[in-house]
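Protein chains: 2
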Amino acid sequence: MPTYTPPARDLDFVLHDLLKVGSLDIPGYDELDRDTTRAILDESGKLAAGVLAPLNQAGDAVGCTFENGVVRTPPGFADAYARMREGGWMGLDADPEYGGQGMPYLMNCATGEMFLSANMAFNTYQGLTHAAYSTIHAHGTDAQKTTWLPNMISGQWSGTMNLTEPQCGTDLGLIRTRAEPAGDGSYRITGQKIWISAGEHDLTENIVHLVLARIPGAPEGTRGLSLFIVPKFLLDDDGRPGPRNAVSCGGVEHKMGFHGNATCVINHDGATGYLLGEENAGMRAMFTMMNEARIGVGLQGVAQAAVAYENAAAFARDRLQGRALAGAAAPERPADPIIVHPDVRRNLMDQKAFVEGGRAFLLWGASLIDRAHRGRDADAEGLVSLLTPVIKGFLTDKGFETTVLAQQTFGGAGFVRETGVEQFVRDARITMIYEGTNGVQALDLVGRKLGAGGGKYIMAYFELIKTWCREAAGDPDFDAAFVEPLKTASKQLQQAGMYFMQQGATAPENALAGSYDFLHMMGHVSVGFMWAQMAQAARAALAAGEGDRAFYEAKVATGRYYMARQLPMVATHLARIETGAEPVMALDAESF
Amino acid sequence: MPTYTPPARDLDFVLHDLLKVGSLDIPGYDELDRDTTRAILDESGKLAAGVLAPLNQAGDAVGCTFENGVVRTPPGFADAYARMREGGWMGLDADPEYGGQGMPYLMNCATGEMFLSANMAFNTYQGLTHAAYSTIHAHGTDAQKTTWLPNMISGQWSGTMNLTEPQCGTDLGLIRTRAEPAGDGSYRITGQKIWISAGEHDLTENIVHLVLARIPGAPEGTRGLSLFIVPKFLLDDDGRPGPRNAVSCGGVEHKMGFHGNATCVINHDGATGYLLGEENAGMRAMFTMMNEARIGVGLQGVAQAAVAYENAAAFARDRLQGRALAGAAAPERPADPIIVHPDVRRNLMDQKAFVEGGRAFLLWGASLIDRAHRGRDADAEGLVSLLTPVIKGFLTDKGFETTVLAQQTFGGAGFVRETGVEQFVRDARITMIYEGTNGVQALDLVGRKLGAGGGKYIMAYFELIKTWCREAAGDPDFDAAFVEPLKTASKQLQQAGMYFMQQGATAPENALAGSYDFLHMMGHVSVGFMWAQMAQAARAALAAGEGDRAFYEAKVATGRYYMARQLPMVATHLARIETGAEPVMALDAESF
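Residue numbers (full-length UniProt numbering), protein chains in the order written: chain C, 1 to 592; chain D, 1 to 592.
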């Protein structure tokens with residue numbers, strides 16, 4: 001059975017040494033001193049490691065069952081859910097006006113990483129609730145907020161997003177689900193939704209579905225979509241769950257992984273729904289929560305990588321095979337632990353450098369969300385909108401890749417279910433697909449985000465890196481290992497952006513054919529930027545003679561590794577991009 | 001349910017347009033005219049698509065069951081096995097003296113790709129039998145060969161390789177299984193073997209285990225290992241299976257994939273075994289079959305990629321989402337097929353370029369095996385020994401990666417089990433691990449194969465490419481697209497090799513820290529070499545006005561794609577290698 005050790009020290013480092021959250025000018029951040037955040041991280045870490053992690057493997061083996069319209073979650077999930085509820089974790093960053101704790105979104109991500117590492121399938125029930133909460137909070141009337149939010153924040157009720165239908169996933173303009181006015185202000189919703197995560201289960205007394213549907217006479221395509229609140233149980237006059245609504249689960253999917261989360265067919269058969277926001281403005285309402293939801297999926301990628309890496313490192317220290325090149329490292333034992341072998345190291349360093357760098361990138365993004373929302377900062381909003389597809393796409397691609405590397409560390413033991421590492425691979429795989437496939441993220445990045453605000457956000461991003469490089473430079477060793485590689489990679493990213501701009505008007509296919517490579521370039525530059533700053537912070541701590549030297553030295557060494565061995569990928573992506581669309585589009589569809 | 005269409009036309013192209021097998025000076029190749037190979041490919045393709053493929057998904061869902069020491073294979077496997085036997089496919093390249101058909105190994109690989117694409121788990125029962133056959137054929141006495149081979153070739157009996165034990169996988173020197181002389185020339189074998197593929201099943205009337213064990217008093221480490229024939233049933237005086245031997249199955253593993261193949265714990269409790277080859281020469285005997293076995297695993301990587309790609313391409317032509325950038329491609333339908341989108345194309349082109357290029361590389365390797373063995377050509381033996389870790393490591397890494405890309409083409413439909421594409425991912429994953437993990441392949445390549453024969457085989461490899469480049473050059477368009485990129489990549493590979501040579505004596509860790517990158521560099525250069533030659537052949541056919549223009553044009557376009565968008569990876573790998581071991585080895589084991 002895999003282990004899980006909450007990375008409290010690493011999270012602490014990112015929050016305070018890298019982001020310096022206590023001194024950031026963001027409402028609510030003044031409360032985030034080291035002791036406070038540590039207490040929150042310790043408490044949530046205990047729950048993650050002690051309660052959620054032990055349920056993960058059985059949750060995968062048993063999965064969710066479906067019988068006579070009823071979905072049962074795996075053994076232990078209901079009790080663990082009650083524990084999460086009692087701890088108030090579900091409303092950690094929710095609006096205090098409706099019973100939330102009002103903490104920054106950043107802390108939701110820091111604690112969320114641990115919950116997700118411990119048990120991703122379990123944690124997604126509340127993740128979906130959070131997404132639904134945010135949407136109602138942003139677009140609901142006061143009455144709707146009072147009706148629905150308190151019980152969602154407390155975890156008594158859960159939430160879902162009902163978007164996909166059999167004929168449409170990415171292309172929501174094809175949605176057919178109908179919403180007929182009932183004459184009393186409500187609507188009758190009819191249609192089938194599929195792949196609805198947490199769509200039906202036995203964890204809460206009600207489920208609040210948010211459903212995209214089309215009102216008769218609405219324009220075609222996405223401009224004719226409206227969003228509706230469709231509860232599993234209609235509320236009685238006291239606001240308590242009453243009669244069953246005409247919404248039901250038609251079955252659960254059998255999937256590669258993520259078995260503990262019920263992925264449901266949801267049938268709406270004239271179900272009662274309440275319009276959320278304006279008519280035909282459903283897509284706009286969806287977009288509100290999309291940045292957060294996508295960052296949340298990026299977090300899942302980091303979290304699966306983190307727990308897989310922890311187990312791979314432990315295995316590599318424990319498993320005895322062969323001898324170190326320079327002579328036996330453990331002469332008293334029949335063989336040396338495999339961590340002595342350079343290629344095993346290479347594998348572990350790739351994992352470690354991604355996990356720690358990806359975590360930093362994610363939390364930087366989360367702090368920008370807080371700056372945008374709590375600080376009402378439009379520039380931060382623009383910057384995080386630009387970064388969101390990178391956070392989602394890059395961190396889930398690399399997160400999955402890292403679980404595969406961790407599995408490889410285990411050799412044959414990684415392929416058998418017993419060790420649990422193969423589950424991380426299967427669970428991580430969904431993160432590259434849902435909440436917009438990573439190809440869609442790349443399209444969003446290059447097709448919409450790069451040019452947003454006349455390109456001012458991407459310019460601000462480059463300016464940020466340039467300014468940092470200028471200010472950080474001075475020490476030859478640090479410059480060679482960190483500043484120069486970051487400068488080079490950043491310039492290559494700019495060059496790719498220029499190429500797209502030049503092509504944009506006349507040959508837009510040249511931009512889109514390179515979109516995936518651009519997303520990965522920007523991911524590497526961003527994580528490289530994090531590593532450069534983390535190394536700077538660690539060097540400063542070392543120079544000041546602070547605390548745990550080995551910890552800071554490892555940060556610098558891991559950062560050097562990332563810059564030396566991962567950042568060169570940026571050049572390859574640029575070379576690919578500059579070949580344009582011709583090689584990509586040369587064949588007829590029939591030639592595939 | 002996934003489809004499978006045998007790639008007969010593509011195999012035909014590789015055999016005759018690329019390798020020109022009919023004119024190669026290798027014994028037996030003179031029979032390989034286009035009509036003969038086509039008849040063989042058509043016949044085996046029919047069996048693969050019609051009999052094996054329909055059993056693949058159920059084989060995964062049901063898997064192998066273990067009860068009271070008995071292993072049952074999935075429904076339909078036994079009947080299909082009988083069909084394979086009747087068709088004589090198991091002895092296709094086996095020695096006619098013992099009932100084989102005596103075809104080249106090349107044809108075993110060409111037909112094997114189809115069997116493996118259709119049903120990898122099923123086909124591995126006979127794959128292991130083939131490995132055991134080869135070992136007995138190379139090292140057995142005449143009496144042993146007469147006793148064991150005919151029934152293995154006919155498929156009446158199967159074979160296994162018993163190497164791994166709980167405390168040792170890669171490091172076979174730690175093997176503890178004992179072989180005590182029984183006094184009658186036989187031995188009593190005692191010990192536990194694990195992860196034995198096809199170790200126990202209900203497909204054949206006997207199972208011939210080849211077991212690595214240690215005779216009392218033997219030297220420590222691998223130099224004290226001997227190889228034994230240990231049948232499940234001892235033979236009676238007529239050579240028919242008689243009393244049960246003291247070898248039994250202790251259980252089957254629960255795995256990520258590859259469920260249709262029984263991965264067994266095999267307990268030897270004083271089982272009767274017969275020495276195969278010399279005492280303490282067990283490792284040498286194992287090495288004999290290792291090239292073939294590793295090439296066979298590389299083939300599994302290509303085969304899983306091929307069938308996954310076929311299904312992804314079909315899905316992309318069928319699934320309607322969004323509109324083409326230049327305007328609707330299918331205005332009469334609600335949306336365009338997703339194959340119009342540049343990023344979907346990028347994904348499919350990566351798949352296609354790998355599948356066709358990887359297939360060519362594999363079959364080139366197989367033809368070198370024939371040249372080495374049938375032609376008794378030591379230079380070919382040296383070259384294919386050098387290429388073997390690349391064929392195994394690169395083709396399985398990229399094969400797995402390609403199944404993941406194919407799954408991504410499917411979006412959400414790729415994560416549900418119904419479409420079958422996620423099974424290819426889970427099945428392909430084992431190929432990176434067994435028969436020596438890919439890290440061990442890289443170690444073999446850099447630590448042993450590069451320097452073999454004083455470096456003459458790697459020099460011959462470079463010379464081959466250089467000569468081809470010189471002779472192929474002349475047409476500016478072809479040079480720019482193929483010759484120059486291949487030259488550049490080959491020079492970068494040489495530069496990496498030089499770096500290793502310079503470091504070898506003083507700082508061998510610098511070589512081993514870059515071994516994995518070197519393996520991938522060499523994989524790309526080799527597949528690039530194949531594409532350059534395939535494009536040359538296709539251009540020649542086009543110039544001659546031969547046959548199907550669209551087919552040849554697609555070959556040239558796909559080759560251009562590989563050279564433009566995959567080959568640039570070689571530079572990144574070189575950059576990594578030249579950072580040396582320092583970043584890789586910087587941390588203490590405790591810092592992970």
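Some hints here could point you the wrong way.
Unchecked claim - DEER-style ranges, computed between Cβ atoms:
no.	chain 1	residue 1	chain 2	residue 2	range
1	D	Pro75	C	Gly251	40 to 48 Å
2	C	Thr5	D	Asp548	29 to 37 Å
3	D	Asp318	C	Thr467	43 to 51 Å
4	C	Asp548	D	Arg317	52 to 60 Å
What the hints assert, rightly or not - Reference excerpt, derived from the structure (chain C facing chain D, CB under 8 Å, subset only):
no.	residue
5	Arg244
6	Cys249
7	Gly250
8	Trp364
9	Gly411
10	Gly412
11	Ile430
12	Thr437
13	Pro508
14	Ala554
15	Met569
16	Thr572
17	Arg576
18	Ala581
Keep in mind the hints are simulated off the structure, nothing from the lab.
Backbone N, C-alpha and C fix where the C-beta goes; we use that ideal spot for every residue, glycine too.
Against the structure, the hints come out as follows:
no.: 1; hint: D/Pro75 x C/Gly251: 40 to 48 Å; in the structure: violated, 24 Å
no.: 2; hint: C/Thr5 x D/Asp548: 29 to 37 Å; in the structure: violated, 60 Å
no.: 3; hint: D/Asp318 x C/Thr467: 43 to 51 Å; in the structure: holds, 50 Å
no.: 4; hint: C/Asp548 x D/Arg317: 52 to 60 Å; in the structure: holds, 57 Å
no.: 5; hint: Arg244; in the structure: violated, 28 Å
no.: 6; hint: Cys249; in the structure: violated, 16 Å
no.: 7; hint: Gly250; in the structure: violated, 14 Å
no.: 8; hint: Trp364; in the structure: violated, 24 Å
no.: 9; hint: Gly411; in the structure: holds, 5 Å
no.: 10; hint: Gly412; in the structure: holds, 5 Å
no.: 11; hint: Ile430; in the structure: holds, 5 Å
no.: 12; hint: Thr437; in the structure: holds, 5 Å
no.: 13; hint: Pro508; in the structure: holds, 6 Å
no.: 14; hint: Ala554; in the structure: holds, 4 Å
no.: 15; hint: Met569; in the structure: holds, 6 Å
no.: 16; hint: Thr572; in the structure: holds, 5 Å
no.: 17; hint: Arg576; in the structure: holds, 5 Å
no.: 18; hint: Ala581; in the structure: holds, 6 Å
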